Every structure is written in structure tokens, then in C-alpha cells.
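Colleague: One line per chain: the protein sequences are Y and B, in this order. First residue of the first sequence: 1, per this note's numbering; consecutive thereafter. First residue of the second sequence: 1, per this note's numbering; consecutive thereafter.
Treat the hints as calculated values from the structure; they're not laboratory data. Mixed in with the good hints, there may be bad ones.
Copies of the same chain look alike in the list, so a pair counts if it fits in one copy or across any two.
Below are the DSSO-like pairs computed for lysine-lysine, each with C-alpha atoms no more than 30 Å apart in a straight line [what the hints assert, rightly or not]: (1) Lys154 with Lys45; (2) Lys45 with Lys80; (3) Lys33 with Lys319; (4) Lys144 with Lys80; (5) Lys79 with Lys144; (6) Lys195 with Lys44; (7) Lys298 with Lys79; (8) Lys144 with Lys298.
Here the structure is a predicted model, which is why all the values come from computation and not from measurement.
2 protein chains.
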Amino acid sequence: MQLQVQLEEHSYPIYIEHHALDRIKNYLDPNRKYAIVTDDGLPKKWVDKLQAQLPNAFVICFPHGEANKNLETYQTVMKKLIEHHMSRSDALIALGGGVVGDLGGFVASTYMRGIDFYNIPTTVLSQVDSSVGGKVAVDFDTYKNIIGAFYQPKAVIIDPETLTTLDPRQISNGLVEALKMGLILDERLVQEFEKDTLDLDTIIAASIDLKRQIVQDDEKEQGKRAILNFGHTIGHALESRYFDVPYYHGECIGMGMLFFLNDPALKHRVEAILEKLNIPSIPDYDPEEILSYVKHDKKGKSETINIIEVPKAGSWQMKTITYPEIRQILQGGIHEK
Amino acid sequence: MQLQVQLEEHSYPIYIEHHALDRIKNYLDPNRKYAIVTDDGLPKKWVDKLQAQLPNAFVICFPHGEANKNLETYQTVMKKLIEHHMSRSDALIALGGGVVGDLGGFVASTYMRGIDFYNIPTTVLSQVDSSVGGKVAVDFDTYKNIIGAFYQPKAVIIDPETLTTLDPRQISNGLVEALKMGLILDERLVQEFEKDTLDLDTIIAASIDLKRQIVQDDEKEQGKRAILNFGHTIGHALESRYFDVPYYHGECIGMGMLFFLNDPALKHRVEAILEKLNIPSIPDYDPEEILSYVKHDKKGKSETINIIEVPKAGSWQMKTITYPEIRQILQGGIHEK
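Using the sequences and the accompanying hints, generate a full structural model.
Modeller: Structure below.
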């Protein structure tokens, strides 16, 4: 199937097809020169498959993990592009998860002031979330994604077959972002998670389609796109605090959403879904410590913070609350509100 | 006076007013939070003047010179923005020459995926050339501007009074780019240079207006904008080779243009103008060595190179030539073609 992201200046297709990676010439010109940017977390078979069909492609592989999504890796990739004499008419393909897409996309957006960028996300998380919307970035100082750009790809190519080599925990990790999308925007997607057998294809396509619409409404995150932060205020603070466990991003977002579901029945439903996905339960945390991480995320800019609440499935409201209110929420925990 | 740059997505004004820096609130909201990025080559009086009128501004000053237009300085500036809790709704002002505008603009384009950018160029070169058109960049590896973006400012504010503290050699340096603009696009601007007394205000405004039109036609340099490279193929190679003299950028562009003026009468006129501007004459060079710098600029990408010729004042033609042809031109020198 094909979804079209319609933006003012840059419109582009998202292809979702099983075995797309076996027929890459259906989606891009096989004779162009490509830098395939990937990391060593991706099974080599996917890289080989792609490279076999692109005679003028070369591979740049960096060590996997968020810790490498930084300006050092960025410079390493840039140097390789220069060594391979990449010109403005050549293109970069990011093949991998969110780190690869974010870093590869940021390289593409700034090499010679921007070259064509194709994104081939290979994890559920990157398929449903980071590959759609043009946000590219690296981490810097102690901040995630603080250096980056809005840079739309020429196309996003999703081959669900890549999920066959993905660790089940990583699948659940990504599904939480899809669940989030359903919770704020469409109850039918939430119901998909309550079926006996999860239909991954349907969930991924529905989730991408919802995200596509949000991005079309607000490409540069000046308003509505902020609703995608549902679950992220506390979730991201937990992720930063417990980086050494580590919890995965989606796992923390799952935990973080539970603080902002006001309807006990809905909260119960979501807890059941998260349990089914084997999302760990919220650890015993120190509210004051988590609050300090929330503040760090906001860079001490303001005395208030915008959060998203989901009053009922498929709906949202934005609220401006104070740090003392966040403290109260953290102190109260998810079951005593 | 005010010129408007009309682009598809981002239109913005260029203000050219004497004493604009004394009345900055006419051009931007004085109460916003600003990072003023500048270098230690600019007399402090201009920074002080600006800061005195902007209560929520702070200054980031880095050592002057092209050698500092790199990712190290970029990271230093980024860290300062973080330390000062800059948010996406704050803005960056670049106050200085081309290096400040290029680096400051690239920081603005990538801090939190882009914050508002005001450019206040204080040299002739940056006023007539680099401040108009949205090209922002840093140097990397051995390449100029290889990392960057197209990022249009909110406004360009030009106060010709800043030229009163500029070294006369720097004024001539910038005027060569204005002369270039006249040679490719409008003979009347060339004639301005032949008057007994140069009218800087007229030359700067006319040159900016011509550049504005080129940028409007081809924002992302996919076609016509390449004519601005007139004089740069050999000029830039000379600049790289003789970096230790050093020759200024405009001086080298002046030298470089002479190779691509086919009409002897016009070449004579241009030589007279360059002499009046005290542009040094072309040093004794080794053609083979200069050729290697030309190739380096092109990153060995192709066997041919596009150059711009000016057959008569106010006109141009683009030609694709080979490296052996460049060698011949270099061997021939400017008077034996």
C-alpha cells in the first residue's frame, strides 16, 4: 500500500509492502549513487539484499545504540561521503531503526546543504514513529535531538519482513507508540491491541496513517504535533533516569502514558494491553528525582509545562501545568489520582 | 530602503539604512531573547550598540577568521545556547562578516531543528553576497561550506555605518563581488565602478537587488544560481593555494574573473577597475598546481566542470569544459587567450 504525505513544499510517498526490499527498483532509481547508512544492530542480510540491487551503492555502518547518535558519528559519516566523492545529485539511504534514520537524515539534510534522503525503517518503532514526519537529529551535550532539522525524505519504504529478524521486545517497544497514536486519535486502533492475535500489518499501517495526518497539519511542530508527546513527559524522564536498566523508549512511554489517563476504565484497558506486550511495570521511583529529569528535558526554560491527557480513547486535551503539579502526579502514582 | 526577498515558503525583508543599528527596534522585537553571535574581529562598539537596545540579549563571541568556521566553533556556540536556556521561540542574531553569518546561520538552522535567525552583516562582502540567499554552512575536512543548509533569515539588516570601521582592503574585497554581479547581470553596475568617486551605497544596494532576483529564481541552486560562481573556479583555487599570503576572497575572485572575460576591451575595463580597488595582480602560479586545487574543489566527481563566461558586460554563458581545457586556460594566462 502507498500513503502520501502532502506537505506545502515536499510531498512524498510512504510505501508499505512485504518484500519491498527484494524489489527496490520499484521505489528508487537503482542506478543512482547511494550511501547506505546503517548500524551493526541490523542483520547483514538486509544490507546485502539492498546492496545487491544497487550497483552504485556503498555502505557506511556505525556501532548501534542511542549513545552513538552524536556529532562524532555524524562527522565519521560525513568523512565517508567525502571520501566516496558524493555530490549534490547523489542520495543517502538510511536502513535501520530510529537512530539510523535520525542520524542518516541529519547527515543528508546538511551534506552540501542537502541531498536526497530515502528512509527504510526496519523496526516497528521507526516504522510507526520516527520515519514519518521529517524530524532528523543527533543528541548533543546531555540533550536528545537538540541538534537537527526538519528534512523530509524523498520516500519512506517499509518492508514488514524486516521485523522477522527483530527481537520481540523491540516489537513491543514500537507497538507502544502505535498504541499511543490510537489513544489520542482513534479508538479503533486501541481495539486492534485487544484482539487475541495482533495484526501487525494493520496496526502499523493505521498508526502511520494517523501520524501522517498530524504531520500534514503541523509539519514544524508549532501546534497540534505536540499531542504526539502524550506519555513522553514522565516517560522520557524515566528513560533518562533508568538508562542503565535499560528500559526501551517505548516501554517508558507506556509507563508515562498511564499517568495521564483520567478514566479508570481506560487506564485498566491500557494496563492490560501493556501487560500483553510485556511492557515492564513502573519501577519504584523517587518523585523528586524524576521531577529533576522532567525539568532537565525542558532546559529550565519555563515554570510550566504542557502535557497531554487522554480523557477517553481517541481523544486528547492539552494542559499547562506547573512543576509542583507534576510532583503531585509523581507522588500520587498511577493508581491514586 | 527595503527590498523584499520573495521565496515560495519564506519571504523576508532586507533593510538598508544608515544608523539602522541605532534604531534596532524598528526591525525586530527588542523584548525577545536573543543570542548575538559575533567574532572578535568586529569593533566592540557595534556589539555594545545592539546589546544596549536588547534587554534580553547575550553575546557569544568567537575568534575571527575562516579557520574558525568549523564544527568546533559550532559546538561551542551550541553549548552557549543550551547554557542560556534558549528555546525554540528565541532567536539568534549574527552580527559580523561572512564567517559569522554562515556559522551563526547554520547554528540557527539546526538548534532545536531551527530557531529564528536575523542577519546583520557588517562587511561589504557579507552585505552584498553571503547575507542574501540563505546559504549557511561551516567548513569541514578540507572543504569549504561542505556542511550546511539553505535557511532563510527572518530579516537582513544592513547599516552602512558599520563600514566606517572596516579596513579599506576589506571594502575592496567585498566590492569585487558587487562588480561580479554587474558583469554577469547589469552593465550599469559596472559603470558605477568607473566613476571618479565610488558611491558605496548605490553599489551595495544595486548588487543586493541583483542577487535577490537570482535567489528568487533559484533558491536551492539547482540551476541559474550557479552563475554567481563567475570567477570562482580559478579564483577559489588561487585562494586555497595562496592561503598563507593571504589573499582575500574577493581579491582572488577578481583574479579569477579575468580568465573568463573573452572581450579584450571588457577585460581591459575590468583590469582598470581592479587596479583602482587595489586588488593585487595575479601571482606567478604553477598551472598544474592550480589545476589540482580546482579538481579538489570538485571533489574528483566528474571529468568536466561548468564555468561561467562573460562575453560582454551584463551577460553570461555557462560552458561545460574539461580539465585539460582548464589547464590550457591556466597555461595561457589572462592575456594570451
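Colleague: At most 30 Å between alpha carbons: which applies to Lys45 and Lys80, within, between, both or neither?
Modeller: Classified as within: same-chain Cα gap 22 Å, cross-chain 43 Å, threshold 30 Å.
Colleague: When Cα atoms must be at most 30 Å apart, do Lys195 and Lys44 count as within-copy, between-copy, both, or neither?
Modeller: Neither. Shortest intra-copy (34 Å) and inter-copy (68 Å) distances fail the 30 Å Cα cut-off.
Colleague: Is it within a copy, between copies, both, or neither that the alpha carbon of Lys144 lies no farther than 30 Å from that of Lys298?
Modeller: within (11 Å within a copy, 35 Å between copies)
Colleague: Tell me, please, which holds for Lys154 and Lys45 at an alpha-carbon limit of 30 Å: within, between, both or neither?
Modeller: within (24 Å within a copy, 47 Å between copies)
Colleague: Is it within, between, both, or neither for Lys33 and Lys319, if the alpha carbons may be no more than 30 Å apart?
Modeller: between (48 Å within a copy, 25 Å between copies)
Colleague: Taking 30 Å as the upper bound on the Cα-Cα distance, should Lys298 and Lys79 be classified as within, between, both, or neither?
Modeller: between (33 Å within a copy, 15 Å between copies)
Colleague: Between copies, within a copy, both or neither: which fits Lys79 and Lys144 at Cα up to 30 Å?
Modeller: both (23 Å within a copy, 14 Å between copies)
Colleague: From the Cα coordinates, with 30 Å as the cut-off, is the pair Lys144 and Lys80 best called within, between, both, or neither?
Modeller: both (24 Å within a copy, 16 Å between copies)
Of the hints listed earlier, the one the structure fails to meet is number 6.
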